[in-house]
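Using the sequences and the hints given, assemble the complete structure.
In case you want the letters, here they are:
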Amino acid sequence: MSKQFDVIGKRFPRKDAPAKATGQAQFVDDMVFPDMLWGAILQSPHAHARVLNVDTSKAQALPGVKAVITAKDVPGTKYGVSPARYDETVFAIDKVRYVGDEIAAVAAVDLETALEAVSLIEVEYEPLPALLTPQEALAEGAPWIHDEFPGNIGGEVHQEFGDVEKALAQCDIIRTDTFQSKRQDGGAIEPHAAIAVYDLDGRLTLHSATQVPHYVQRTLAMVTGLPISKVRVIKPYVGGGFGPKSEATPLDLCSSFLAMATGRPVKMLYTREQVFLHGRARHGYFHEMTLGVKKDGTLLALKNRCVMDGGAYSSFGIATVYYAGSLLGAPYKLPNMKYDGVRVYTNKPACGAQRGHGGVHARALFEQQLDLIAEELGMDPVELRLKNIMETGDVTCNDLAMSSLGMKECIEAVRDGSSWKNKRGKLPPGKGIGMASGFFVSGAGYPIYRSETYHSTVNLKVQEDGGGVEVLTAAAEIGQGAETMVATITAEALGVNYNDVHVQSGSTDFGVDLGAYSSRTTLMTGHAAKLAAEDAKQQILAELAAELEIDVSRLDIKRGEVIISGEPVDITPIRTMYIKEHRGWNNMPEGDNLTFREASRLAFLRKGSITGSGAYKPPPLGGKFKGAAVGTSPAYGCSAQVVEVTVDMETGQVFVDKVTDAHDCGQAINLTQVEGQMEGSVSMGLGEGLFEQVKFDAEGRVENPSLGDYRIPTIMDIPNIQSLVIESGEPNGPFGAKEVGEGGIMPTIPALLNAVRNAVGVQVSELPLIPENMLLGIQALKKK
Amino acid sequence: MSKHQITLMVNGLERELLVEPNRTLTQVLREDLRLTGTKHGCGIGDCGCCTVLMDGQAVNSCLLLAFEAVGHEITTIEGLADGNRLHPLQDSFIELGAIQCGFCSPGMILSSKALLANNPSPTEEEIRMGLSGNLCRCTGYQKIVEAVHDAAQKMKGASS
Numbered sequence: 001m002s003k004q005f006d007v008i009g010k011r012f013p014r015k016d017a018p019a020k021a022t023g024q025a026q027f028v029d030d031m032v033f034p035d036m037l038w039g040a041i042l043q044s045p046h047a048h049a050r051v052l053n054v055d056t057s058k059a060q061a062l063p064g065v066k067a068v069i070t071a072k073d074v075p076g077t078k079y080g081v082s083p084a085r086y087d088e089t090v091f092a093i094d095k096v097r098y099v100g101d102e103i104a105a106v107a108a109v110d111l112e113t114a115l116e117a118v119s120l121i122e123v124e125y126e127p128l129p130a131l132l133t134p135q136e137a138l139a140e141g142a143p144w145i146h147d148e149f150p151g152n153i154g155g156e157v158h159q160e161f162g163d164v165e166k167a168l169a170q171c172d173i174i175r176t177d178t179f180q181s182k183r184q185d186g187g188a189i190e191p192h193a194a195i196a197v198y199d200l201d202g203r204l205t206l207h208s209a210t211q212v213p214h215y216v217q218r219t220l221a222m223v224t225g226l227p228i229s230k231v232r233v234i235k236p237y238v239g240g241g242f243g244p245k246s247e248a249t250p251l252d253l254c255s256s257f258l259a260m261a262t263g264r265p266v267k268m269l270y271t272r273e274q275v276f277l278h279g280r281a282r283h284g285y286f287h288e289m290t291l292g293v294k295k296d297g298t299l300l301a302l303k304n305r306c307v308m309d310g311g312a313y314s315s316f317g318i319a320t321v322y323y324a325g326s327l328l329g330a331p332y333k334l335p336n337m338k339y340d341g342v343r344v345y346t347n348k349p350a351c352g353a354q355r356g357h358g359g360v361h362a363r364a365l366f367e368q369q370l371d372l373i374a375e376e377l378g379m380d381p382v383e384l385r386l387k388n389i390m391e392t393g394d395v396t397c398n399d400l401a402m403s404s405l406g407m408k409e410c411i412e413a414v415r416d417g418s419s420w421k422n423k424r425g426k427l428p429p430g431k432g433i434g435m436a437s438g439f440f441v442s443g444a445g446y447p448i449y450r451s452e453t454y455h456s457t458v459n460l461k462v463q464e465d466g467g468g469v470e471v472l473t474a475a476a477e478i479g480q481g482a483e484t485m486v487a488t489i490t491a492e493a494l495g496v497n498y499n500d501v502h503v504q505s506g507s508t509d510f511g512v513d514l515g516a517y518s519s520r521t522t523l524m525t526g527h528a529a530k531l532a533a534e535d536a537k538q539q540i541l542a543e544l545a546a547e548l549e550i551d552v553s554r555l556d557i558k559r560g561e562v563i564i565s566g567e568p569v570d571i572t573p574i575r576t577m578y579i580k581e582h583r584g585w586n587n588m589p590e591g592d593n594l595t596f597r598e599a600s601r602l603a604f605l606r607k608g609s610i611t612g613s614g615a616y617k618p619p620p621l622g623g624k625f626k627g628a629a630v631g632t633s634p635a636y637g638c639s640a641q642v643v644e645v646t647v648d649m650e651t652g653q654v655f656v657d658k659v660t661d662a663h664d665c666g667q668a669i670n671l672t673q674v675e676g677q678m679e680g681s682v683s684m685g686l687g688e689g690l691f692e693q694v695k696f697d698a699e700g701r702v703e704n705p706s707l708g709d710y711r712i713p714t715i716m717d718i719p720n721i722q723s724l725v726i727e728s729g730e731p732n733g734p735f736g737a738k739e740v741g742e743g744g745i746m747p748t749i750p751a752l753l754n755a756v757r758n759a760v761g762v763q764v765s766e767l768p769l770i771p772e773n774m775l776l777g778i779q780a781l782k783k784k
Numbered sequence: 785m786s787k788h789q790i791t792l793m794v795n796g797l798e799r800e801l802l803v804e805p806n807r808t809l810t811q812v813l814r815e816d817l818r819l820t821g822t823k824h825g826c827g828i829g830d831c832g833c834c835t836v837l838m839d840g841q842a843v844n845s846c847l848l849l850a851f852e853a854v855g856h857e858i859t860t861i862e863g864l865a866d867g868n869r870l871h872p873l874q875d876s877f878i879e880l881g882a883i884q885c886g887f888c889s890p891g892m893i894l895s896s897k898a899l900l901a902n903n904p905s906p907t908e909e910e911i912r913m914g915l916s917g918n919l920c921r922c923t924g925y926q927k928i929v930e931a932v933h934d935a936a937q938k939m940k941g942a943s944s
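Quick mapping for you: the protein sequence lines, in order, are chains A and B. Each step along the first sequence adds one to the number in our numbering, with nothing skipped, and position 309 is 309. Each step along the second sequence adds one to the number in our numbering, with nothing skipped, and position 22 is 806.
Because the hints were derived from the structure by calculation, they are not lab data. Keep in mind the model is a prediction, meaning the values are calculated, not measured. Be careful, since some hints might not be right.
A few chain B residues that face chain A, going by a derived Cβ cut-off under 8 Å, partial list only [what the hints assert, rightly or not]:
hint, residue
1, G825
2, C833
3, F851
4, H856
5, T860
6, I861
7, A865
8, L870
9, P872
10, I883
11, C885
12, C888
13, R912
14, T923
15, Y925
16, K927
We put the beta carbon where it would ideally sit given N, CA and C, even for glycine.
Below, the structure is given as structure tokens:
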């Protein structure tokens, strides 16, 4: 890149790493409060049942129990993620809708007593037919899981851009394929947790393992009825999110009500099993796609039909059902696209957002179709993609504007980085190489609730004693490096050293930040941080200019020093003043230039505290059609991956040998962290492709609610990943930066599936890639 | 359940404790000794984030009763650094980006310590084998492997 940065694009260690390497970093479960109680939740053993009676008398009578609450004790206010689909209540009213639905909660002096009390609550159920698949839920005459949603349809989208039927009539090759993925789990190593504290001023403070303090704060205020000024949400360090921690949980709500009922702090944790019951992770998707191309390889039209198994509540699903269509508009030029999607309520835990929200499995099928069509055309899959690639400045048929797009550079980087040309078609039987591309939003263009709100605010204070900067942001550090990003951008924009910036994050007291979802933090919080730093810098320079009696345009701060252009200026009086203030101290400023320490001290002496503030929201984005907001973003990240596999022809087992990954993040804020997001994305994608699947028994109970039975990748499963960082320079991003955290997963599953097909010829239409299915596919091919 | 007095040797200190016999080592370390660097992720030995060292060997502290640790030397993540001087593994994990959310990091670092104690120059395959009981959802493991390799080099340099 031509731009020269002092702090950005380097490999500074993360701000939080020393605390995390030594065990000092505090997560919710590490916190205790004086006089703290423990809470536990009674959850439904039935997937679908009427609740006829709840008798809490025995639980109330148990010594050590301080409160028992049921639907009768809390407001019946409906809440959820999107105001368009508020369909949850704190406790089930009249009816439970999945195994795990909440019926009551208890606070007691210790966890054992709380659990015993829960076991003493007697509930009378009248079981109802459980609808465990979209097919059952959509069947004629099926009972409605929610009275307000006839036919169990929780969300439905019908969109057409261009004229698909007319375009298909002009195509030389048309193929239709289907794909079924299974429900997955976020697999964050830290289970959800919450501690609520209700103080004598009537203020509720919730410490929560959440990705979205802002939305949790709003949900708590709405459901408890407390003024929002009396609700504070603090997110300590969070042990991974990946989507399932991006909404208010039953732990958040129950601990708050129990704290308000008892006047004592209440701690509540999910067991690993309860994490699976809570769900809110990736939906199971069925896609049917019809793709039409001209014989020269030009993509003309795509028909995409999707059925999503939603579970008992909407969670993020109303957005997901849009994303499963809108995120196919790029990165290829595709003039005609039709989408029909439906999200179906079923009697299982709700699905929600997970890394790559809505787009991952749509792309898994679409990118397989590109390979299949390339084969029919006798084209190299890389060439077919390059022929149709979008470039910077292109706009998709559904009005997504690619303000920067290094897609071509990504494809070329993985092609060359993997030695594609030496391998494709030249590998021995059982070995294969495949590729795929993808793109993702760099932050949702609009908040989840309709509002003109800023998406991120950042406030910083220059320390009065000079030299340091304290940044306050409500952004959610969940492991992705939000604090490190904010520190880096602040240091660069202010002209100080990385080590002189200290970041506090994650409290709603620090400002507004919509949270860690839709891969938004670097672009949006980063923008606000940059503005706050520039604000403070201008104030410091203005005071300095006045003191020196020169024009402020001659002044700048870089690498912790004041740069004065033009004729020499006598800085001695300022330095002398600083040294006089620090008689007896060591380490006094020296050299020809004034230091930031002296400049910021001077600014304080002249003006008082120097605080800078920044606020960011995207400009109005997208088209005018229904649902146009979903998929809009100020910028789009993109990536390409090449996956190399070995398939054991005797057992059907798939081994991933190598992954070559290129991602266009606009501008790396911290190279190590960009690579970390890329490698984490690939790992999660491979897990989902190879073996992850939440299974249910005939009663709607999760069969594998543990990290032993629900297998996420171990260190033995993930190969070396070659990460190639592409920097296209995003005009709408701070210092040119855009996303990497979620977009990085987009190509992984289809690249894996394309590699498998290249190895053994089996087209995979169902995830995960379990060896039995692979073997059946291989044997079926042999018989042909 | 009645409590019994036991003495645990944790991070070089003798700790006298009154403990119910059914409590796990994870619980006693976290709740009684407030050594919360040992994390609780699953409680059944799947995730490895409760890993501590018992006589130098990596063990899942959630699968051990506190009573079973009597007479053994326990090292938790809090016992790894020498004052403000971090262990080379901690330095390498920090410098090379092997930490993201940090929830698995204490267990990962302690498993690495056990590995390097037995095998000061592990191959990549041996590093992966040594850490195969510790799950990480964030990193894809690559930078963890690199950090362990880096620390091994540093430690060899220091001892020679």
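Checked hints:
no. : hint : verdict
1   : G825 : 5 Å, holds
2   : C833 : 6 Å, holds
3   : F851 : 18 Å, violated
4   : H856 : 20 Å, violated
5   : T860 : 7 Å, holds
6   : I861 : 4 Å, holds
7   : A865 : 6 Å, holds
8   : L870 : 7 Å, holds
9   : P872 : 11 Å, violated
10  : I883 : 5 Å, holds
11  : C885 : 3 Å, holds
12  : C888 : 5 Å, holds
13  : R912 : 5 Å, holds
14  : T923 : 6 Å, holds
15  : Y925 : 4 Å, holds
16  : K927 : 6 Å, holds
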